[in-house]
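Asker: So the protein lines, in turn, are chains Z and H.
Residue numbering for the first sequence follows the numbering used here, starting at 1 and increasing by one per position.
Residue numbering for the second sequence follows the numbering used here, starting at 1 and increasing by one per position.
If you are wondering where the hints come from, they were derived from the structure by calculation, not from laboratory data.
In this text the structure is predicted, and so the values were computed from the model without any measurement.
Here a beta-carbon is modelled for each residue, glycine too, at the ideal position from N, C-alpha and C.
There's no promise every hint is true.
Unchecked claim - Partial selection, computed: residues in chain Z whose CB lies under 7 Å from chain H: (1) Phe66; (2) Pro236; (3) Phe303; (4) Lys306; (5) Gly373; (6) Lys413; (7) Val427; (8) Pro448; (9) Val450; (10) His452; (11) Leu454; (12) Pro476; (13) Leu482.
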Amino acid sequence: MISHHLLTLLVFLPSLGALLILAVRKSDALARLVALGFAVAELVLSGYFFTLDTVHTLYPAPAGFFQYENVHWIDFFGIRYTLGMDGISLLMVALTAFITVIGVGVSWQGIKERVPLHFALLLLMESGILGVFLALDLFLFYLFWEVMLIPMFFLIGIWGHGRRIYSAVKFFLYTFLGSLLMLVAIITIFLMHGAQSGTYSFALVDLIGTKVPYDVGLWLFAAFLLAFAIKFPLFPLHTWLPDAHTDAPTAGSVILASLLLKTGAYGLVRFGYPLFPDAARAFTPLIYAAAVFGISYGAWIAFAQKDMKRLVAYSSVSHMGFVALGIAAWSPIALSGAILQMVNHGVTTGALFALVGMLDERTHSREIDTYGGVWGKVPALSFFFLLFCMASAGLPGLNNFVGEFLVLIGTFKVAPLPAGFAFLGMVLTLVYTVRLVQEILFGKERKPLVMHDLSLREGGILAVLAVGAVYLGVSPSPLLELVKGPVALLVGVK
Amino acid sequence: MKLYLAIMLLLPLAGGLTSALAGRLLPRRLLEFLICATVWGGFVCAALAAASYTAPLTVNLAPWITAFDLGAPLSLYLDPLSLSLAVMVTFVCGLIHIYSVFYMAEEGDYPRFFALLNLFVFAMLTLLLAENLPLLYLGWEGVGFCSYLLIGFWYQDKANADAGRKAFITTRIGDTALVIGIAWLFQLFGTFSMVQLNGMAFLIPGGVVTAIGVLFLIGAMGKSAQVPLQVWLPDAMAGPTPVSAMIHAATMVTAGVYLLARMFPFFGGSAVVTSAIAVTGGITAFYGASCAVAQRDLKRVLAFSTISQIGYMMLGVGAGAITAATFHLLVHAFFKALLFLGAGCVITAMHHEQDIFKMGGLRRSLPVTFWCFLAGSACLAGIPLTGGFFSKDSIIGALWLKGVPLYQALYVLALITALLTSFYSFRLVYLVFGGETNAHIHGSRELKVMELVLVPLALLGLCGGVLDLPGYLGGGFLGHFFANLAGGKAAEAPQATEIVLQAIAGALALAGLAAAHVAFSGKARAKRIAEADNPSALTSFLFHAWHFDDLYRLLFIRPYAALSGFLWQRMDEGVIDDSLDRLAQGVGATGTWFGRWTAGRISLYIVSFAAGGAAILGYLAWVTLS
């Protein structure tokens with residue numbers, strides 16, 4: 001019985017943990033342990049899906065999906081509870097489960113107030129994000145899409161630093177406005193499909209068949225694109241990101257960068273392009289432009305930053321430009337690269353935010369100017385710092401290189417001009433990365449900072465992330481094989 | 001064979017990882033033994049591979065990146081070119097590893113140093129043995145990364161870290177051109193295999209071949225420090241001297257030459273590309289030599305000589321003389337490693353003094369170093385019958401034999417450069433070892449061992465000529481070994497021509513020696529030292545390396561930083577974000593005007609959201625029912 005509802009279990013197991021934590025919210029230590037327990041259980045469960053190689057589903061699943069649940073929910077509006085997993089979702093699910101464990105780990109000691117609530121929100125957010133990656137009914141997708149915002153809003157607003165209320169409201173309003181327009185577009189296509197076929201349905205597989213007049217399609221796709229581009233974030237819709245990142249607590253930054261940004265890219269791949277292929281083609285030059293400009297723009301601005309967290313935040317704008325570029329190219333290689341790059345960016349940038357958080361916990365400063373000569377003080381931390389910076393700069397043998405390389409090669413094949421400009425990003429990325437490394441790790445100490453090296457917990461977190469970065473860099477083929485089928489279906493090649 | 005190659009790569013990798021992750025846990029002596037043993041183990045594998053080598057072969061180790069029709073496996077390719085370089089690299093690096101153990105005897109942070117040295121060897125071998133371009137690029141970036149950290153090894157001094165950064169970024173500019181070239185090749189042919197690509201150039205228009213060739217040339221310019229991307233190499237001397245010897249003289253900087261030689265069959269048919277390579281090489285050779293004449297820092301003289309000598313190798317590739325270029329590459333590796341290691345002995349003995357105008361008389365206190373350094377200088381200068389003479393001359397001869405005006409002009413330039421080279425080589429010898437000094441010499445047991453390492457290199461440099469003797473002396477080994485390689489078969493010159501060409505080059509080298517003798521021996525030496533603090537305008541121009549650094553600071557570095565700040569504060573926060581904030585404020589004000597609804601209380605927002613959702617659902621219900 002349960003084997004037919006594994007996806008439901010997967011989505012709601014973290015929520016269960018959150019409820020449990022809130023129920024026994026007396027003890028901080030217990031809350032941490034329960035959160036860790038559920039996060040790890042979730043990771044194990046997501047790992048189990050890698051072993052399911054054959055289609056194993058009670059319900060007839062669309063092509064490519066090897067796990068599928070499809071039950072009645074609100075028949076009156078044709079809303080169904082549809083969850084499905086293909087290779088792409090599986091990768092995203094695994095990333096989510098992995099990063100949530102990291103998120104629990106990095107906030108183990110840094111969070112001192114309202115500890116149970118913090119961990120409960122982390123788990124709730126995990127449920128929301130997993131729902132986004134698995135929902136195949138547009139209404140259900142929208143529901144999860146909004147649900148995952150709320151915990152993040154509170155994470156920034158309650159445990160953040162600096163102008164946290166401003167940043168939290170900005171984050172919320174920005175993304176919320178975008179998604180409202182998407183809701184309008186969802187309802188419109190729902191009605192159009194209903195009028196054409198006589199059956200009203202929010203199911204993606206049904207709606208894909210809708211005949212959308214070209215100019216209407218443009219508007220609808222634009223609404224989807226807006227929602228997703230804000231999440232991505234694509235230039236010039238990115239300005240919420242530096243504020244949100246800078247003011248969020250460490251776990252918030254990690255999850256924001258590693259997971260929430262990926263939902264935008266995922267939405268574009270899963271819903272935007274398949275629903276409105278013609279409109280997507282029309283918008284492609286615009287996406288190319290935003291992506292390519294964002295790559296250089298983000299990298300260039302990152303170079304000027306004084307706050308480490310802001311620097312990493314702007315680097316995300318730049319890196320996610322590669323993902324957008326790969327999606328816009330919509331070719332097998334580029335799209336595979338973009339999807340892989342989502343995972344890579346999640347691991348690398350998550351690790352960098354974790355490291356910045358660890359430095360901040362020691363010195364209570366994120367100003368780059370206050371550091372210097374850190375290598376001599378905390379060699380182990382510095383080792384990881386350098387490793388992830390190099391991964392971020394695209395050093396071959398580490399993870400980011402593979403994704404960026406595939407995106408660039410794949411895009412160059414179909415659109416040499418945008419790809420040509422994107423190559424510039426390789427230099428600009430290195431410029432701000434080595435500046436960061438140099439000012440933090442090298443040189444002489446600028447302010448007398450007392451630091452201790454990594455604790456066992458911190459070392460463990462970083463080591464796990466480092467293994468991920470190296471594994472993805474050295475042996476990406478199994479993951480690429482995993483997404484090959486779904487990507488082939490999406491772009492329509494054998 | 002597969003086993004040899006795999007072990008050759010894995011040993012230094014394992015050594016590097018061990019040192020990086022567990023270096024502190026092992027006894028120092030054991031670690032030192034380990035990191036030397038891995039490289040010498042690699043040398044044994046390379047030698048065994050050479051012994052059992054029969055024909056070019058490809059070895060597949062494992063998949064790496066596979067997506068649809070894109071395949072970049074971990075596969076290696078062994079042919080005379082990669083084999084001869086692999087033997088040289090493992091041998092020279094092996095010697096330098098031994099030297100490093102003693103040179104760094106007082107360094108506390110040795111695990112980091114040894115880890116990077118070993119990882120460098122791994123990356124360099126990957127670069128050499130790679131069968132496809134992405135794997136080559138892995139080695140290419142890997143050596144760049146190790147070089148970056150080793151230049152800035154003594155990171156507490158800002159200048160060192162800056163030099164490392166400069167090297168990394170400058171070479172990355174070239175690397176980007178290389179990757180564009182790789183992407184273009186894949187778009188055209190759907191493969192990364194260099195062996196396959198080399199046979200396919202005829203399938204595409206000549207203009208495209210030229211464009212791709214130029215991209216590869218730019219890539220090579222970065223790594224091999226050719227004008228205009230040469231600026232990083234002199235500063236790279238900030239690293240410990242064994243690093244300079246191994247990375248910034250003998251091995252890594254020749255990667256660009258290797259790449260062009262490896263891909264030569266692809267773009268060798270394009271006259272534009274070969275001329276561009278030759279012109280780049282010619283200009284760089286002259287540039288490096290002219291700068292070397294005016295330097296005061298021992299290591300900077302050698303750095304500029306490296307730039308210049310790699311220029312010669314480029315000239316060789318541009319002239320289509322791959323054998324000659326490789327010949328010079330191998331011999332240069334021996335004598336340049338020798339010169340740098342000799343410089344390391346001098347610097348150690350002089351308590352880290354590097355100004356050659358403050359040295360002198362070292363021929364008495366460091367006789368072994370003196371004789372070895374002299375041998376190295378003779379090779380560099382191309383004094384007849386040394387290895388450097390034969391190798392450099394085969395390049396210069398190849399230029400003449402092209403018989404085209406452009407190449408004849410380059411031939412003349414190469415001869416002038418040869419004269420300069422001989423002059424600055426012996427200027428160095430006279431200043432460092434000539435004259436007398438009262439300076440106290442820091443002798444130690446370590447220094448004795450370091451000097452011993454020089455001896456085999458000196459012998460190899462002096463006798464390196466036997467690798468490929470000219471036809472009138474019975475021909476050479478490399479010529480036969482490379483015969484089947486594209487561009488490997490050198491143009492055959494009549495023996496009389498060959499003898500005349502070599503006589504001219506030899507005479508010029510001796511003339512340079514004579515000039516240096518006149519200018520820097522005996523009393524003249526003291527006079528030059530007295531003059532050194534008031535350099536002429538020309539000397540100052542050459543000392544500052546033609547002011548390339550100042551030019552780039554003005555043209556690129558300052559505008560970059562300024563624009564970066566402008567984009568951030570004026571554009572991103574000033575325009576984009578500010579307009580949104582104003583919009584939000586406007587909306588908020590309107591909201592307040594409508595009522596006290598949007599008072600900023602989140603609970604209200606959520607209630608509103610729910611209400612809005614309900615309204616939409618209600619509308620939908622109405623639509624559906626009606």
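Asker: If a hint holds in the structure, say so; if it doesn't, say that too.
Answerer: Verification of the hints:
With its C-beta approaching chain H no nearer than about 20 Å, Phe66 of chain Z sits outside the 7 Å limit, and its interface hint is violated. With 7 Å as the threshold, the beta carbon of Pro236 of chain Z comes within range of chain H, its nearest partner Cβ sitting at about 5 Å, so the hint holds. Interface hint status for Phe303 of chain Z: upheld, as the beta-carbon distance to the closest one in chain H is roughly 4 Å, under 7 Å. About 10 Å separates the beta-carbon of Lys306 of chain Z from the nearest beta-carbon of chain H, more than 7 Å, and the hint is not met.
For the restraint placing Gly373 of chain Z at the interface with chain H, the shortest Cβ-Cβ distance is roughly 6 Å, inside the 7 Å limit, so the hint holds. About 5 Å separates the beta-carbon of Lys413 of chain Z from the nearest beta-carbon of chain H, less than 7 Å, and the hint is met. A distance limit of 7 Å between C-beta atoms decides the matter here; for Val427 of chain Z the minimum to chain H is near 5 Å, and the interface restraint holds. Hint status for Pro448 of chain Z: violated, given a least beta-carbon distance of 15 Å to chain H, over 7 Å.
Given hint, Val450 of chain Z at the interface with chain H, is violated; its Cβ is 18 Å from that chain's nearest Cβ, farther than 7 Å. Interface hint status for His452 of chain Z: violated, as the beta-carbon distance to the closest one in chain H is roughly 17 Å, over 7 Å. The beta carbon of Leu454 of chain Z comes no nearer than 14 Å to any beta carbon in chain H, farther than 7 Å, and the hint placing it at the interface is violated. Interface hint status for Pro476 of chain Z: upheld, as the beta-carbon distance to the closest one in chain H is roughly 6 Å, under 7 Å.
At about 11 Å, the closest approach between the beta carbon of Leu482 of chain Z and any beta carbon in chain H exceeds 7 Å, and the interface hint on this residue is violated.
Checked against the numbered hints above, the structure violates hints 1, 4, 8, 9, 10, 11, 13; every other hint is satisfied.
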